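Please build the complete structure, drawing on both the sequences and the hints.
In case you want the letters, here they are:
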Amino acid sequence: MSRTLVVWCADWPVAAALGDAGLPRHLPAAVFAQNRVQAYNQAAREFGVKRGMRRRDAQSRCPEVQVLAADEARDARVFEEVLVRLEELRPGVMPLRPGLVALRSPARFYGGEAEAGAAIAECVVGLGIWDVRIGIADELFTAEQAARSAGLQETYAVPADGGSTAFLRALPVHVLEDANAVSLLQRLGLTTLGGLADLPGADVKARFGAQAAWVRQVIHGEGARPVSGRTPPPELATEVAFEPPLDSAEAVCFSARQAAEGFVKGLATRQEVCTEVRIEVAMEDVADSCRTWAHPRWFSSVDLIDRLHWQLAGAASGGRGGGVTGVRFVPEVAVSEAVHADGLWGGTNERVDRGIARVQGLLGHEAVVAPVLQGGRTPRDRQAYVPWGNRPSTLRDRALPWPGSIPPPAPARVLADPWPAEVCDQAGRQVVVLPRGGVSADPARYRPSAGQPWQRVASWAGPWPVTEAWWEPDGGRRVARFQLVGVDGRAWLATFDTDHWLTEASYD
Amino acid sequence: MVAGIERHQKLAQIEQLRSKVRRLEQKPGMGAELATHEALGGVVQLRAGGTYAADSLALAMLLLAGPSGAGEWTAVVGVEDFGVEAAAEAGVDLERTILVPRPKDSWLEATAALVDVTTLVLVRPTGRVTPSVAEKIGARLRTRGAALVALGEWPRADVRLRATEPRWVGLGNGDGHLRARRMVVEAVRGTAPPRRTALWFPAEDGGLRRVLEPVTDIADLRKQESA
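Chains as they are written, first to last, in the working numbering: chain H, 127 to 634; chain F, 50 to 276.
These aren't lab readings, by the way, just hints derived from the structure by calculation.
What you are looking at is a predicted structure, and each value in this text was computed from that prediction instead of being measured.
Note that CB positions come from ideal geometry on N, CA and C, so glycine has one too.
Keep in mind that the hints are not guaranteed to be accurate.
What the hints assert, rightly or not - Facing chain H, a subset of chain F residues (Cβ under 10 Å, in silico): (1) E158; (2) V166; (3) G221.
As the list claims (entries may be wrong) - DEER-style ranges, computed between Cβ atoms: (4) F:D154 x H:R187: 55 to 61 Å; (5) F:Q62 x H:A394: 31 to 37 Å; (6) F:A119 x H:L526: 31 to 37 Å; (7) H:G563 x F:Q94: 48 to 54 Å; (8) F:K69 x H:P359: 39 to 45 Å; (9) F:E82 x H:T624: 51 to 57 Å; (10) F:G255 x H:T624: 32 to 38 Å; (11) F:D165 x H:D414: 34 to 40 Å; (12) F:Q62 x H:Q384: 45 to 51 Å; (13) H:L149 x F:D165: 47 to 53 Å; (14) F:K185 x H:D614: 33 to 39 Å; (15) F:V260 x H:E458: 50 to 56 Å.
And the structure:
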């Protein structure tokens, strides 16, 4: 019977984040989600950092802790490196989650389980991942628990034929991932899995849920899950190298055309199309330019070359031009082409996308935008322009209350750059907002911008004071908003900012 | 019996598909009516190939809301201060709205490219539009079955729309906030007498509705009064 080997990279989110950020992995570091510690490494543990701790508490215990953001996609992506190396040693790996992978034990090849474990640990440590532990057992769950019991870079082999039952019975109940079941078992006085195993099977399922019931079965030697190997993902990225380096964007685009066609064709043979692509441009002397582009439909080779051209133009205008030594197209998102197949009646959207592509070709990628709504206080904050084809990211939630926002209706004209305005009282003095929130005098005359005529104020409302970003060191921005209607019936949204007036929006 | 029902269903389906084919084959030629916001009914009817000049962005959004609400694509060129939230409130479908806020000197090329793919283009030209340029765009609109709304002046526009007599409700002397606006939309078509309608835009409840029946002609009104 084949044995199962589980490789566990402890604190994987931290190791992945450090590796991705190019930092050495021995630094104390923790991954934070929503300002609380989600994972931390051994160095941070020594300082007393704990799971669920707030960031400021973690930093007070260990000021030099590296604060890293949680990102599951990154964890999985970095783990891919480990999988590829393991596949070189033993094909048919079965990734369980980022940081945990099972494979059929190659003990016979290496002449023993300890030797096999050592060979695999050496391979993983070779990637710079120090905290690796290996467990070997008859079955997947036992092997995973064995890996968690193993010492740093060591192998814990659970003896075959009945050894796993004794091993599992001694484990504490909190190895179950179901927090409710663990809590209930502990309150019932069952502290080890042995106690769980002695309960009747049907009752365990009814009372503690499916996972506990399955673990109980495993202890009794049933319900073992087989290790099924994965099919290694195909290599879809395409690259082209230039020797000698090319200077002009046109030459690069011309030479990369064949690579772009190959890229699209490679996906097409798998009946897939790419909707999001990462273009990496390797340059001489300066840092590589790397950018992800999305497409509202999918990338054809012409689209890829367009994006490459924009990226090169952007790099050149940012003063980062240089000899290009290579271009690489990496598919970030590839979907089945059936998803994007043309309807029988022709897709109108495709026609629209072509028209947009023409305007983008004329004015640049950022010139054509999709308007989206988001949350915010000022009318300008409440809208956003997303370059056509990109997915909107980091939009503010509209459902939040946003105290200080202007009640509807919304202004029709939202000035991109507010105009310097003037507001005077009857005597012709500038109206100012006093520190306690009152106005010095009623506004009587108004001028939206320097070039426009003065207008008598027919009615007005305000001031609506807002303190924005008061936590910033410079004290943020204290502003007061007004709605003003002139005698001509036009309504304006004006802002008093410390000592001057601005016209933010107009309602006509 | 069952076969008869099946046959009936199939025939209905075929008829449905045929009508779809007919609709797709038929180019929305010149003069075809485009969806127009019901509040503007009787004052202006958007037509394929038409050019419309509006003097206020709110009014232009109302024109945009007609085709956009009916599922057509629309584009906005050169309007840097487009109030997205106000457009959504007016009934513009943002999902099918393309914005080119700063076309710089290429507003004409961008407009021409977008006329090809959308039904209604709202444009604020930078600088003066010469009659020859307007005629070129007009020809393109007619072949593509699209319409154009210009913010500001447009040579020989089919209909000129003005938002007049705006009166805001809800604002006091330092209290309240803007709630509703009553305005009169005036449409001038060539040398014909202007058509007017009074609108609550927006109304107190955020909607949009007529105040009165449209007064099509002042002369008519006078006749009615004298009669």
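Quick rundown of the hints versus the structure:
1. E158: Since chain H brings a Cβ to about 6 Å from E158 (chain F), closer than 10 Å, the hint holds.
2. V166: 3 Å, holds
3. G221: Constraint on G221 (chain F) satisfied, holds at 6 Å.
4. F:D154 x H:R187: 55 to 61 Å: Hint holds: Cβ distance 59 Å, inside 55 to 61 Å.
5. F:Q62 x H:A394: 31 to 37 Å: Given a distance of about 33 Å, which is inside 31 to 37 Å, the answer is holds.
6. F:A119 x H:L526: 31 to 37 Å: 33 Å, holds
7. H:G563 x F:Q94: 48 to 54 Å: 50 Å, holds
8. F:K69 x H:P359: 39 to 45 Å: 41 Å, holds
9. F:E82 x H:T624: 51 to 57 Å: For E82 (chain F) and T624 (chain H) the Cβ distance comes to about 53 Å; the hint holds.
10. F:G255 x H:T624: 32 to 38 Å: 34 Å, holds
11. F:D165 x H:D414: 34 to 40 Å: Taking Cβ atoms as reference, D165 (chain F) and D414 (chain H) lie about 38 Å apart, which means the hint holds.
12. F:Q62 x H:Q384: 45 to 51 Å: Holds, since Q62 (chain F) and Q384 (chain H) (Cβ atoms, about 47 Å apart) stay within the stated range.
13. H:L149 x F:D165: 47 to 53 Å: The hint (47 to 53 Å, Cβ to Cβ) holds, given that L149 (chain H) and D165 (chain F) are roughly 51 Å apart.
14. F:K185 x H:D614: 33 to 39 Å: Since the Cβ atoms of K185 (chain F) and D614 (chain H) sit about 36 Å apart, the hinted range of 33 to 39 Å holds.
15. F:V260 x H:E458: 50 to 56 Å: 54 Å, holds
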